[in-house]
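K.L.:
Protein chains in written order, with the working numbering: chain A, 1 to 153; chain B, 1 to 153; chain C, 1 to 153; chain D, 1 to 153.
Hints listed in this document are in silico derivations from the structure and should not be mistaken for laboratory results. Keep in mind that the hints are not guaranteed to be accurate.
Examples of chain A residues lying across from chain D (beta carbon under 7 Å, computed) [as the list claims (entries may be wrong)]:
#	residue
1	Asp41
2	Ala61
3	Leu62
4	His72
5	Ala73
6	Glu74
7	Ala75
8	Asp76
9	Lys79
Where a beta carbon is used, it is the ideal one built from N, C-alpha and C, also for glycine.
Number of protein chains: 4
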Amino acid sequence: MFRFERDALKLLPEGAFVRRTDVRFQDVDAAGIIFYARVLDYCHDAYVDFLARAGFPLHEALSGPWIAPIRHAEADYLKPMRFGDRIGVALVAAHLEPAEEPTEVTIGYRIARIGDGELAAVGQTVHTFVDAATFRRTPIPESLRKALQALST
Amino acid sequence: MFRFERDALKLLPEGAFVRRTDVRFQDVDAAGIIFYARVLDYCHDAYVDFLARAGFPLHEALSGPWIAPIRHAEADYLKPMRFGDRIGVALVAAHLEPAEEPTEVTIGYRIARIGDGELAAVGQTVHTFVDAATFRRTPIPESLRKALQALST
Amino acid sequence: MFRFERDALKLLPEGAFVRRTDVRFQDVDAAGIIFYARVLDYCHDAYVDFLARAGFPLHEALSGPWIAPIRHAEADYLKPMRFGDRIGVALVAAHLEPAEEPTEVTIGYRIARIGDGELAAVGQTVHTFVDAATFRRTPIPESLRKALQALST
Amino acid sequence: MFRFERDALKLLPEGAFVRRTDVRFQDVDAAGIIFYARVLDYCHDAYVDFLARAGFPLHEALSGPWIAPIRHAEADYLKPMRFGDRIGVALVAAHLEPAEEPTEVTIGYRIARIGDGELAAVGQTVHTFVDAATFRRTPIPESLRKALQALST
Numbered sequence: 001m002f003r004f005e006r007d008a009l010k011l012l013p014e015g016a017f018v019r020r021t022d023v024r025f026q027d028v029d030a031a032g033i034i035f036y037a038r039v040l041d042y043c044h045d046a047y048v049d050f051l052a053r054a055g056f057p058l059h060e061a062l063s064g065p066w067i068a069p070i071r072h073a074e075a076d077y078l079k080p081m082r083f084g085d086r087i088g089v090a091l092v093a094a095h096l097e098p099a100e101e102p103t104e105v106t107i108g109y110r111i112a113r114i115g116d117g118e119l120a121a122v123g124q125t126v127h128t129f130v131d132a133a134t135f136r137r138t139p140i141p142e143s144l145r146k147a148l149q150a151l152s153t
Numbered sequence: 001m002f003r004f005e006r007d008a009l010k011l012l013p014e015g016a017f018v019r020r021t022d023v024r025f026q027d028v029d030a031a032g033i034i035f036y037a038r039v040l041d042y043c044h045d046a047y048v049d050f051l052a053r054a055g056f057p058l059h060e061a062l063s064g065p066w067i068a069p070i071r072h073a074e075a076d077y078l079k080p081m082r083f084g085d086r087i088g089v090a091l092v093a094a095h096l097e098p099a100e101e102p103t104e105v106t107i108g109y110r111i112a113r114i115g116d117g118e119l120a121a122v123g124q125t126v127h128t129f130v131d132a133a134t135f136r137r138t139p140i141p142e143s144l145r146k147a148l149q150a151l152s153t
Numbered sequence: 001m002f003r004f005e006r007d008a009l010k011l012l013p014e015g016a017f018v019r020r021t022d023v024r025f026q027d028v029d030a031a032g033i034i035f036y037a038r039v040l041d042y043c044h045d046a047y048v049d050f051l052a053r054a055g056f057p058l059h060e061a062l063s064g065p066w067i068a069p070i071r072h073a074e075a076d077y078l079k080p081m082r083f084g085d086r087i088g089v090a091l092v093a094a095h096l097e098p099a100e101e102p103t104e105v106t107i108g109y110r111i112a113r114i115g116d117g118e119l120a121a122v123g124q125t126v127h128t129f130v131d132a133a134t135f136r137r138t139p140i141p142e143s144l145r146k147a148l149q150a151l152s153t
Numbered sequence: 001m002f003r004f005e006r007d008a009l010k011l012l013p014e015g016a017f018v019r020r021t022d023v024r025f026q027d028v029d030a031a032g033i034i035f036y037a038r039v040l041d042y043c044h045d046a047y048v049d050f051l052a053r054a055g056f057p058l059h060e061a062l063s064g065p066w067i068a069p070i071r072h073a074e075a076d077y078l079k080p081m082r083f084g085d086r087i088g089v090a091l092v093a094a095h096l097e098p099a100e101e102p103t104e105v106t107i108g109y110r111i112a113r114i115g116d117g118e119l120a121a122v123g124q125t126v127h128t129f130v131d132a133a134t135f136r137r138t139p140i141p142e143s144l145r146k147a148l149q150a151l152s153t
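Modelling step: build the complete structure from the supplied sequences, incorporating the hints.
P.N.:
So this is what it looks like as structure tokens:
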């Protein structure tokens, strides 16, 4: 299973796909900063928007021939995010494997505060594409593969 | 659609069904108290436990002949709940209608801090039982009806 | 404490303040529709945006002289909302009391599916303005009061 | 920053600290399994319980001399968890560094289904202890350090 280096993700440009959002009032925890797991919620929201723009709206894909469950997720927290912060969640990289007919993708995320541009977190999720009936690995559909590959260029 | 009076709910005894829980670290909001909608999450958690004890585990009922969507929910917030508070969420009342072959139930909740017993909130949810295939109203199964009626005695 | 009639909320026009959002992948429950309490999250998100546009960003107000805790919230669920639905959450009404120097506001919400316009839910929240130090009722700041009153015209 | 190997976490015994919980109705996503970020919520719930048992209730620690923000979190998903599953979330390991006067701890988690014992996920969180005023690294209090070290024995 491929993973990006945290420092590599930090250095990547924001790139083409960014979802802007506010840190929500209810996503803060008793320590007054965003609850760490909610950062992954925001990454997933950006992933959902990316899929829709790539022509694979997730709510339609869920009733289609393949599913792509997450088998790994992680995040590094660099600066606290607070209610009132506006952030951009960017999909900055995608690594597909195997090179021939890839069935798995690792997506890298970069979260920065809008305004001062301060980098707040990086993250990554690993999605394995499987046949919805047999649960055997299945190739990532070609146009989605191309949209993912475009994230890293 | 039947609704309980807020003051009536406040006066009811805790009764037979109470789910004890901690106010979670991540359920607090940027104002430092429990986010108001999470109180309904806690009511639903108690409802799920009640159904299981009544012999109708919700995860099994979901694939059965009826469903019971919520068509109204409300809560009154009397005292702030904070991270570190331990609370009891009690199902204190159930009103079924129509009297003959009821198809709808209004469940009343009472949430109090454990320790000093201070009343923190009251709430209610209205569930309509419908056939899972036709969406027509269907009578509440008898043993569940009896378990619900027992809440008000 | 003032409350709107459910049927009155249903008939109100969408009005000037609408926050558009997608039903999130993670806000659906095991029955496949939006978890009922999340509808109140979406109402609060719209309230936060309204406050910001009215010149009272909540993250700044939280460190100011007044707070406005919610002492009642409710929602009526008319049509199920599912992942993939795009919805508009409108603030459609505000009732302030007492008439002279109001200290409490009931805000009405109307949630409709974008596209077919189907009404999915109505809701309301009651906010009491109190002095952040003494917890005594304090008048709603004039410009905020005017922004709230404008919701009902 | 120390990280456990995924396969090492999988092989560890459940050990002394386990928090049992149900997969909640509202923590499932539109694909019908637990939303991946909620698994980290459950890990944090277990961490909060562990801290309380170790004599450092987090709600009290939050107003004390140190804080311990999370700077990394990750999880590997091995089997889907569904509403109706009852799970045990175990703290199975803790790595402290530096060896002399440690200021950072990596905690390993193991989540298994109760009943058949099937391993569903492993995870880890990295907490850095800092002075609440200066944000400089500060040693982990001795009795907490001992409670953490006891997780790995």
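K.L.:
Can you verify the interface hint for Asp41/A: is its Cβ closer than 7 Å to any Cβ in chain D?
P.N.:
5 Å, holds
K.L.:
Using 7 Å as the Cβ threshold, decide whether Ala75/A counts as touching chain D.
P.N.:
Check passed: Cβ of Ala75/A comes within 6 Å of chain D, closer than 7 Å.
K.L.:
Under 7 Å is the threshold here; is the Cβ of Asp76/A close enough to any Cβ of chain D for the hint to stand?
P.N.:
5 Å, holds
K.L.:
How about Ala73/A: closest beta carbon in chain D under 7 Å, or not?
P.N.:
Interface hint status for Ala73/A: holds (5 Å vs cutoff 7 Å).
K.L.:
Let's test the interface hint: is any C-beta of chain D closer than 7 Å to that of Lys79/A?
P.N.:
10 Å, violated
K.L.:
Please check whether Leu62/A passes as an interface residue: C-beta within 7 Å of a C-beta belonging to chain D.
P.N.:
6 Å, holds
K.L.:
The hint names His72/A as touching chain D; please verify it with the least Cβ-Cβ distance against 7 Å.
P.N.:
5 Å, holds
K.L.:
Should the interface hint for Ala61/A be scored as holding, given a Cβ-Cβ cut-off of 7 Å against chain D?
P.N.:
It is violated, given that the least Cβ distance between Ala61/A and chain D is near 10 Å, above 7 Å.
K.L.:
Please check whether Glu74/A passes as an interface residue: C-beta within 7 Å of a C-beta belonging to chain D.
P.N.:
3 Å, holds
Checked against the numbered hints above, the structure breaks hints 2 and 9 and satisfies the rest.
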